[in-house]
Amino acid sequence: MAAPSSRRNGGGGGGAVSLWAALLLVAVALRPARAVSEPTTVAFDVRPGGVVHSFSQNVGPGDKYTCVFTYASQGGTNEKWQMSLGTSEDQQHFTCTIWRPQGKSYLYFTQFKVEVRGAEIEYGMAYSKAAFERESDVPLKNEEFEVTKTAVSHRPGAFKAELSKLVIVAKATRSEL
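All letters in the sequence shown, in the order written, are residues -35 to -1, 1 to 142 by mature numbering (1 follows the signal peptide of the UniProt record, and there is no 0).
Calculated from the structure, these hints are not laboratory results.
Heads up, some of the hints might be wrong.
With a straight-line Cα cutoff of 25 Å, these simulated SDA-like cross-link-like pairs (lysine to any residue) come out [unchecked claim]: (1) 125 / 9; (2) 136 / 55; (3) 136 / 20; (4) 114 / 53; (5) 78 / 10; (6) 94 / 35; (7) 45 / 104; (8) 69 / 109; (9) 45 / 20; (10) 114 / 49; (11) 94 / 40; (12) 78 / 6.
Make the full structure from the sequences, and use the hints.
If you want it as structure tokens, here you go:
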């Protein structure tokens, strides 16, 4: 089942969602330090070997939001990746970006999934190549991944095993009183 096109860049109003996501990212980056928590960037190793690994971080007041990256990859040696998390000034949105700072990964990913907890995804995108020096991000084809309310993940049989970056913008879930 295909994810609604409004959840990702490309097709059916994606331009407005992409613009909104870009504006949110800028707002998070430029916000006053005392109004919200500082953005958090943590380095971690992506390890090949075909074994499923996970890496997670929390952000927001009381660690309200969680971003979990689960993957399996083959080939090569460990690669240094980063996970960055930030929140909007009103603490109702958060961003989770996972990427290889050197651009393209040389690992062969057999699977990937990024899950969010405490929020629902409003925008999600996956890239085969991350921007580096003069090169731009290269998005995966829409048929290679899916976006749901709580995850961005590979589509078995369609994903071509190249992954270098994931971006999610999510909104706080409403809690019942």
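Structure-based check of all given hints:
no., hint, result
1, 125 / 9, "23 Å, holds"
2, 136 / 55, "11 Å, holds"
3, 136 / 20, "21 Å, holds"
4, 114 / 53, "19 Å, holds"
5, 78 / 10, "16 Å, holds"
6, 94 / 35, "18 Å, holds"
7, 45 / 104, "20 Å, holds"
8, 69 / 109, "17 Å, holds"
9, 45 / 20, "13 Å, holds"
10, 114 / 49, "20 Å, holds"
11, 94 / 40, "17 Å, holds"
12, 78 / 6, "19 Å, holds"
Of the numbered hints given earlier, the model fails none.
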